[in-house]
Structures are given as structure tokens and as C-alpha cells.
Amino acid sequence: MAGLPEKDLVDTGGISGMIAPRPFVIRRIERDTADTFTLRLKSGSDRNGLHFEPGQFNMLYVFGVGEVPLSISGDPAKPQFLVHTTRVVGPVTGALHRLKTGDMVGIRGPFGKGWPVDEAEGNDIVVIAGGIGLAPLRPALYHLLAHRKKYGRIVLLYGARTPADILYRRELEKWRARFDLEVEVTVDRGDESWWGNVGVVTTLVPRSPFDPLNAVALICGPEVMMRFAVMALRKKGMNIDDIYVSMERNMKCGVGLCGHCQFGPKFVCKNGPVFSYETLKNLFNKREI
Amino acid sequence: MSMQTLKPYLAEHPFLQGMAERHIELLVGCASNVRFDEGQYIFREGDEANEFYFIRHGKLALEVFRPHKGGIVVQTLKAGDVVGWSWLIPPYFRHFDCRAVELTRAIVLDGTCMREKCNEDYQLGYEIMKRFAHVMEDELLALRLQLLDIYGGTT
Chain A
1 MAGLPEKDLV
11 DTGGISGMIA
21 PRPFVIRRIE
31 RDTADTFTLR
41 LKSGSDRNGL
51 HFEPGQFNML
61 YVFGVGEVPL
71 SISGDPAKPQ
81 FLVHTTRVVG
91 PVTGALHRLK
101 TGDMVGIRGP
111 FGKGWPVDEA
121 EGNDIVVIAG
131 GIGLAPLRPA
141 LYHLLAHRKK
151 YGRIVLLYGA
161 RTPADILYRR
171 ELEKWRARFD
181 LEVEVTVDRG
191 DESWWGNVGV
201 VTTLVPRSPF
211 DPLNAVALIC
221 GPEVMMRFAV
231 MALRKKGMNI
241 DDIYVSMERN
251 MKCGVGLCGH
261 CQFGPKFVCK
271 NGPVFSYETL
281 KNLFNKREI
Chain B
1 MSMQTLKPYL
11 AEHPFLQGMA
21 ERHIELLVGC
31 ASNVRFDEGQ
41 YIFREGDEAN
51 EFYFIRHGKL
61 ALEVFRPHKG
71 GIVVQTLKAG
81 DVVGWSWLIP
91 PYFRHFDCRA
101 VELTRAIVLD
111 GTCMREKCNE
121 DYQLGYEIMK
131 RFAHVMEDEL
141 LALRLQLLDI
151 YGGTT
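Chains as they are written, first to last, in our numbering: chain A, 1 to 289; chain B, 1 to 155.
Hints were generated in silico from the structure; no laboratory data involved. Treat the hints with care, since some could be wrong.
Listed next, the in silico DSSO-like pairs over lysine-lysine satisfying Cα-Cα at most 30 Å (straight line) [unchecked claim]: (1) A:Lys-236 - B:Lys-7; (2) A:Lys-281 - A:Lys-266; (3) A:Lys-174 - B:Lys-78; (4) A:Lys-235 - B:Lys-69; (5) A:Lys-281 - A:Lys-270; (6) A:Lys-78 - A:Lys-281; (7) A:Lys-150 - A:Lys-270; (8) A:Lys-266 - A:Lys-236; (9) A:Lys-78 - A:Lys-113; (10) B:Lys-117 - B:Lys-69; (11) A:Lys-236 - B:Lys-69; (12) B:Lys-130 - B:Lys-78; (13) A:Lys-113 - A:Lys-252; (14) A:Lys-236 - B:Lys-130; (15) B:Lys-7 - A:Lys-235; (16) A:Lys-113 - A:Lys-270; (17) B:Lys-7 - B:Lys-117; (18) A:Lys-149 - A:Lys-78; (19) B:Lys-130 - A:Lys-235; (20) A:Lys-174 - A:Lys-252; (21) B:Lys-7 - B:Lys-130; (22) A:Lys-100 - A:Lys-235; (23) B:Lys-69 - B:Lys-59; (24) A:Lys-266 - A:Lys-149; (25) A:Lys-149 - A:Lys-174; (26) B:Lys-59 - A:Lys-236; (27) A:Lys-174 - A:Lys-78; (28) A:Lys-42 - A:Lys-235; (29) B:Lys-117 - B:Lys-59; (30) B:Lys-130 - A:Lys-281; (31) A:Lys-150 - A:Lys-100; (32) B:Lys-59 - A:Lys-174; (33) A:Lys-235 - B:Lys-59.
Work out the full structure: start from the sequences and follow the hints.
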């Protein structure tokens, strides 16, 4: 492991935390929407749980099936419970979906570089999430709200496909009721029950109440959405180096060794998954990578 | 509210930001203040398009009517948005229904009056066309993203 910086070894609980999965027990399963669910896990071996930074991810191992990278979606101030939200998209997430309370999974991590919540202090924060992209941003929101006085205006813009696909609906309603957080939700397709916004999430940016010259943007969602969100933010006057995106690639080892998640000269698992858009601007539209 | 008092409201609307004062004054002559109650229809598909609206407060929904199923909302618009550009393009008919989702206040501009003023003052006409071109571009981009159904396949 000569190539690994010492910091990585410390942050991930040493070599065992990076290479060998640690056992976690499923304490609760929440069915968020028709195809997404949230697992609340507790360490089977470490009473202190798993400390992480908002935006980091873990490798979840379903024994006998395989591993999948999942962003951590819980509260970083409550490391005793590990929370992951995912959608059923393949054999491993399908197997995760079939697990029950009391079942065990293996965890490696936490990996990667998270949202710049400390560097962003003193600025307005605009959080833009699309679909299940709200999950990796939720720990950042917990952090921002726990340290509310350190930030200017905080705006959450969230887009989902339909009203039934809205993630963390109860939490969004609670956040919306706060006086110190601006929450706007929009759907691509409304229905009879929906009285909110209809249109893609990028349409919320122009009228959003933040100061573009003193704001930091945190974006997570499908890459197409992120590209258009960056365009909308730049049109509003934001600096490109104040915009951060969370990338998704085929993470395998989690520590930048195997190369599966290589994105140009970067490894998403190690240099990301959160990147300043400034560092990615020349890669984002490259169709070959 | 007298016609003249609408000038500051027009001048502060995002659609007209940076527009020359003399052009704003021309717009004031075609403008009046309106209010729509929740559920009220502002226009219907097929109606003549002789107005457009600067929303000051509230929310409007553009809908397409489906037989036996009612209206489906394709876009919502709120404070700072401009509603309606069919008044610019012959034969000046509406393509959607427009309904107030909540109590909405707006400034309505008479399209016939505006067309006359734009024909008399080409600089005003060009300014208005440029600004509506931005609105059309934004709406076209948003529509294309909506068509992609981008949230379908992500993890």
C-alpha cells in the first residue's frame, strides 16, 4: 500500500477499514419511494460508529452477491447510525432491497472527498439536487443547519420526476417550514395532487434568493442536470470556482488503486466524488471519458 | 392604481431590467394592474392572444387539457416570470390554458397596443424581441431537459 497517503489510512479506520468489510447490522429500512429505500445501519463491532464527512461514500457489501458504492445520507453529527439511500438498479442494490431488519452487510469506508462545508462558511449556500441526488447532499444540509449562524442564506432547490418520486418528503416539509432555509421543490410531471412547481430544477435558479457573487453551490444529480445547473448558475453570475459537483463513476477499490472510476487524470473515489467544477470543466463535456 | 404608478413596478421586473426609461414609459401606456384568485383561468387554449403578463406575486400554471382527464400542468410560473408570447406571433392564438394556482398579482400588457408601439419604434421592438428570445430559449432548454426524463436511471 506504498502509494497511499497516511491521511487515507487514518480516515478510513486503517487498512482493515479500506480493504476488509466491517460488519454492520440493519436496524431499520424505510421505503422512500416505489424504487428507493433507506437503510439505517449500526456497527456490529464499533460502538462509536463511523465518522464521516458530508459527501463521502462507503462500499456496501452484500455477502455472496457483491459490493456497491453508496453515498452516506445520514447526519455526520450522529455517526453511531450509518444511513444509506439507494435505488434498485442492479443485482447488488436488488439484493440490498431484499434484506430485512437484523440482516448484516459489510462496510468499507468512508471514502473520498466531501462537500466543502467548512470552506463555504460566511457565504450564501445554494444546494441543487435532482432525483436521488438529494441523498449525498442531505449530510451537508444537516451540517449547514447545525451550524446555521456560520452561513448566509441557504437555498435548497430540488427536482424530481413526479410527486411520487420526491425523496425525504417529510423532511423537506419540515425544512420548508423553517424561516432560515429556502426550499423549492419542482417536478417534471405534475398530477392532480400536486400544487407545487412544475418544470426542471434549473428553472428555479434565476429567481432563487442568493447572492451569486458571495455564494457556494453544491450540486448532485444526473450529469446532464448538473451541466445545465452550472449553466444556469453562471448565467446568474456565479463564479465557476464556487460551484461543486458530486460525480458518479464505477467505484470499486475506493482508494484510487484499481482505476475503475478514472475520470481523465482523476479518480472519482479518491479525488472526489465531490469536485470543484473549475477542476472538471475541461472534462465534463468530453464524450470519450 | 393610476397608469403612471405602474412605472416603478415595471422597471423593477426582471424581464425589463436595464431597459431604457423611455421604453418603460412606452410600456406603461399599454399596462394595467390585475389580480387573479386561486383557481381562476387567465386564458384558455385557442383564445386570442392579446395580452402578456409580468407576475409580481403568486403562481400561475400552464396546462394542457386532456379529454376525460382534465388539465395536466406542464409548467408553473411565479414572481419575476413573464407569461405569454403568443401575442408576438401571428395568428395570435393561445396554445395552453393558464390558471392561477394561488392568489396572483400581475401587470398585464395589451398585446395589440404593444404591437403598434413596436411597429412605430423599432428600437423598442428589438428590445422586446431580444428579451422574449431569452425567455423562449430558457423555456426550450427546460422543455428539452423535461423530455429527457433525466431522473430515471441514476443511482
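Can you confirm whether the C-alpha distance between Lys-113 of chain A and Lys-252 of chain A stays at or below 30 Å? 16 Å, holds
30 Å limit on alpha-carbon distance, applied to hinted pair Lys-42 of chain A and Lys-235 of chain A: 44 Å, violated
Holds or violated: Lys-236 of chain A with Lys-69 of chain B, Cα cutoff 30 Å? 38 Å, violated
Mind checking the alpha carbons of Lys-100 of chain A and Lys-235 of chain A for me, to see if they're no more than 30 Å apart? Status violated; Cα separation ~47 Å.
For Lys-266 of chain A and Lys-149 of chain A, compute the direct alpha-carbon distance and say whether it is at most 30 Å. 34 Å, violated
30 Å Cα cutoff - pair Lys-130 of chain B, Lys-235 of chain A: 16 Å, holds
Straight-line Cα separation of Lys-130 of chain B and Lys-78 of chain B no greater than 30 Å? 21 Å, holds
Hinted pair Lys-117 of chain B and Lys-69 of chain B, Cα distance within 30 Å: 41 Å, violated
Given the hint that Lys-78 of chain A pairs with Lys-113 of chain A, test it: the Cα-Cα distance must not exceed 30 Å. 19 Å, holds
Pairwise hint evaluation, Lys-281 of chain A against Lys-130 of chain B, where the allowed Cα distance is 30 Å at most: OK: Lys-130 of chain B and Lys-281 of chain A at ~29 Å, within 30 Å.
Would the pair Lys-281 of chain A and Lys-266 of chain A pass a check requiring their Cα atoms to be no farther apart than 30 Å? Holds: Lys-281 of chain A and Lys-266 of chain A sit about 13 Å apart, inside 30 Å.
30 Å Cα cutoff - pair Lys-174 of chain A, Lys-78 of chain B: 23 Å, holds
In summary, the numbered hints that this structure violates are 4, 6, 10, 11, 20, 22, 24, 28, 31.
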